[in-house]
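Visitor: Protein chains in written order, with numbering that gives the first Met the number 0: chain A, 0 to 301; chain B, 0 to 301.
Honestly, the hints are just simulated from the structure, not real lab data.
Mixed in with the good hints there might be a few duds.
Any copy, or any two copies together, can satisfy a pair, since identical chains are not distinguished.
The list that follows gives simulated cross-link-like pairs (lysine-lysine, PhoX-like), each with its CA atoms no further than 25 Å apart [what the hints assert, rightly or not]:
#, residue 1, residue 2
1, K283, K192
2, K300, K139
3, K104, K192
4, K104, K19
5, K104, K115
6, K272, K54
Protein chains: 2
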Amino acid sequence: MALLVVGSVAYDALESPYGKVDRTLGGAATYFAVAARFFTPVSLVAIVGDDFSEKDEAVFRSRAIDIEGLERAPGKCFFWAGRYSENLNDRVTLTTDLNVFAEFKPRLPEKYRSSKYVFLANIAPDLQRDVLHQVKGKPKLAAMDTMNYWIERSNAELRETLKHVDILMINDSETRQLSSEHNLLRAARSIFKMGPSTLVVKRGEYGAMLVDKHGVFCVPAFPLEEPHDPTGAGDSFAGGFMGYLAGSGGSNDAALRRAMVYGSVMGSFAVEKFGLERLLHLKKSEIHARARHFSKLTQFKL
Amino acid sequence: MALLVVGSVAYDALESPYGKVDRTLGGAATYFAVAARFFTPVSLVAIVGDDFSEKDEAVFRSRAIDIEGLERAPGKCFFWAGRYSENLNDRVTLTTDLNVFAEFKPRLPEKYRSSKYVFLANIAPDLQRDVLHQVKGKPKLAAMDTMNYWIERSNAELRETLKHVDILMINDSETRQLSSEHNLLRAARSIFKMGPSTLVVKRGEYGAMLVDKHGVFCVPAFPLEEPHDPTGAGDSFAGGFMGYLAGSGGSNDAALRRAMVYGSVMGSFAVEKFGLERLLHLKKSEIHARARHFSKLTQFKL
Numbered sequence: 000m001a002l003l004v005v006g007s008v009a010y011d012a013l014e015s016p017y018g019k020v021d022r023t024l025g026g027a028a029t030y031f032a033v034a035a036r037f038f039t040p041v042s043l044v045a046i047v048g049d050d051f052s053e054k055d056e057a058v059f060r061s062r063a064i065d066i067e068g069l070e071r072a073p074g075k076c077f078f079w080a081g082r083y084s085e086n087l088n089d090r091v092t093l094t095t096d097l098n099v100f101a102e103f104k105p106r107l108p109e110k111y112r113s114s115k116y117v118f119l120a121n122i123a124p125d126l127q128r129d130v131l132h133q134v135k136g137k138p139k140l141a142a143m144d145t146m147n148y149w150i151e152r153s154n155a156e157l158r159e160t161l162k163h164v165d166i167l168m169i170n171d172s173e174t175r176q177l178s179s180e181h182n183l184l185r186a187a188r189s190i191f192k193m194g195p196s197t198l199v200v201k202r203g204e205y206g207a208m209l210v211d212k213h214g215v216f217c218v219p220a221f222p223l224e225e226p227h228d229p230t231g232a233g234d235s236f237a238g239g240f241m242g243y244l245a246g247s248g249g250s251n252d253a254a255l256r257r258a259m260v261y262g263s264v265m266g267s268f269a270v271e272k273f274g275l276e277r278l279l280h281l282k283k284s285e286i287h288a289r290a291r292h293f294s295k296l297t298q299f300k301l
Numbered sequence: 000m001a002l003l004v005v006g007s008v009a010y011d012a013l014e015s016p017y018g019k020v021d022r023t024l025g026g027a028a029t030y031f032a033v034a035a036r037f038f039t040p041v042s043l044v045a046i047v048g049d050d051f052s053e054k055d056e057a058v059f060r061s062r063a064i065d066i067e068g069l070e071r072a073p074g075k076c077f078f079w080a081g082r083y084s085e086n087l088n089d090r091v092t093l094t095t096d097l098n099v100f101a102e103f104k105p106r107l108p109e110k111y112r113s114s115k116y117v118f119l120a121n122i123a124p125d126l127q128r129d130v131l132h133q134v135k136g137k138p139k140l141a142a143m144d145t146m147n148y149w150i151e152r153s154n155a156e157l158r159e160t161l162k163h164v165d166i167l168m169i170n171d172s173e174t175r176q177l178s179s180e181h182n183l184l185r186a187a188r189s190i191f192k193m194g195p196s197t198l199v200v201k202r203g204e205y206g207a208m209l210v211d212k213h214g215v216f217c218v219p220a221f222p223l224e225e226p227h228d229p230t231g232a233g234d235s236f237a238g239g240f241m242g243y244l245a246g247s248g249g250s251n252d253a254a255l256r257r258a259m260v261y262g263s264v265m266g267s268f269a270v271e272k273f274g275l276e277r278l279l280h281l282k283k284s285e286i287h288a289r290a291r292h293f294s295k296l297t298q299f300k301l
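Use the sequences and the hints to build the structure in full.
Guide: Set out below in structure tokens:
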């Protein structure tokens with residue numbers, strides 16, 4: 000089933016010990032869409048400026064990612080520049096130019112309004128809610144990301160949006176900040192009271208953890224000898240996760256576990272090379288092979 | 000098969016947000032022996048002072064842990080006092096009194112010398128090697144722990160000892176320090192060149208990771224809502240891990256995976272209450288139930 004994503008399409012400048020790129024296609028919605036497209040049709044809502052290139056538009060078109068919802072505005076695309084530390088564990092933001100993104104008011108084309116799977120990438124909580132309101136009826140599954148900026152500065156708006164989503168997908172420090180609980184189980188219980196029935200905690204090199212009424216499911220990060228660039232790993236995880244669920248139509252415990260694995264698979268590919276590069280050259284057979292590798296990584300018989 | 004452990008038997012003073020104890024039986028060899036004893040007979044080599052109480056001796060005797068190798072010396076037992084932070088993530092050492100431990104020269108009783116499974120808890124590397132030399136022939140499996148102190152101050156001794164063990168079981172910062180590699184796969188490759196064929200990395204709240212020629216196996220930490228005291232978690236992990244292997248006699252890939260699970264099970268129980276308390280009141284049925292719970296926590300079908 001078609002999966003709707005709203006979020007940023009941006010240009011990134013990236014530096015890590017493994018290299019440097021001055022201007023490469025990025026943004027949460029981009030990583031999400033490219034990762035999810037391996038599993039299901041994807042419709043994208045975002046905004047770009049008049050510097051958005053045909054070559055980058057072709058990234059979406061060549062994959063049949065629906066960009067009818069990609070608004071063109073006068074001005075420049077969202078631009079982010081960041082530098083990663085030696086171990087890729089820390090990053091500093093060098094530049095954030097919102098540009099056209101500052102005026103983003105997501106508008107869903109009519110055909111997007113019947114979407115059953117919706118992912119609200121990290122944008123202002125009121126915009127996330129506005130997107131949900133434009134969807135007809137209740138989606139089968141609505142998931143969202145957010146970040147410390149919104150937790151601190153738009154907490155009331157964020158709380159209102161949380162009431163309307165099924166899955167919250169954030170990292171561990173965001174989980175702790177939002178819930179004011181250090182312990183992740185207690186944090187999950189606190190977050191369930193805000194609306195979501197499922198919490199997915201992204202833990203970077205330590206993998207990811209899903210908590211819901213069935214309990215807890217953990218998946219490690221795929222061990223890589225030379226990750227190059229963590230940019231987009233979390234969004235690629237979300238794309239694999241939601242893409243798998245939308246593509247399979249399932250949402251029971253077994254399906255959520257597989258979604259966690261496919262999310263981790265896509266996140267692990269994303270970090271192997273700079274920017275989108277690895278995802279753009281990825282084959283379906285590699286995805287399935289890596290998912291089987293996750294079995295080897297975690298499975299045991301008592 | 001009988002499992003030999005050499006290490007510290009100590010008194011600990013512990014403070015955490017959950018409480019405080021002034022003087023409780025502790026030490027790496029104690030946690031290890033009590034945890035391992037659920038799986039296999041255990042022989043202990045350590046040293047205590049004349050303040051070692053009958054009540055604490057009974058902890059070993061009542062479990063039929065062989066303490067013929069527990070030397071009594073004039074003076075006081077090793078004493079350690081520490082305080083944990085709010086989230087139990089950090090600790091400060093308040094006191095370390097080596098006392099009789101400063102003169103510890105491990106001597107194996109004759110009947111210990113045929114041990115096939117040996118665990119060298121965290122003591123000076125030359126003493127660890129001396130214990131191995133007293134074992135007749137090559138043990139079926141020799142494993143060891145160490146710490147930053149020995150990596151920094153007795154590096155050459157440590158390297159010599161590493162040549163003689165099969166499994167090195169340390170935490171992630173020790174792994175990085177010993178190998179001078181941040182990436183754990185590269186660290187493992189570097190450590191394999193030092194002697195061990197298997198590396199077990201203990202990662203605290205993130206679980207544990209085993210690396211050997213078969214690849215990588217990861218197990219998460221058991222999610223607990225209220226861990227009380229992390230003291231002894233790593234030694235209990237080691238006790239469950241080595242205890243399972245010695246008890247089952249296996250050492251193939253499937254056995255090592257189960258050992259990782261039983262190690263994690265014992266580590267998770269250890270932190271539930273203060274000091275040894277939870278392990279001393281633990282039932283075998285609880286161990287097996289929690290191991291099955293680890294399946295729920297990690298297993299999926301593609």
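Visitor: It remains to establish, for every hint, whether it holds in the given structure.
Guide: Outcome of the hint check:
no.	hint	result
1	K283 - K192	neither (38 Å within a copy, 36 Å between copies)
2	K300 - K139	between (35 Å within a copy, 23 Å between copies)
3	K104 - K192	neither (29 Å within a copy, 58 Å between copies)
4	K104 - K19	neither (32 Å within a copy, 55 Å between copies)
5	K104 - K115	within (21 Å within a copy, 70 Å between copies)
6	K272 - K54	within (19 Å within a copy, 60 Å between copies)
The structure fails hints 1, 3 and 4 (numbered hints given earlier, in ascending order).
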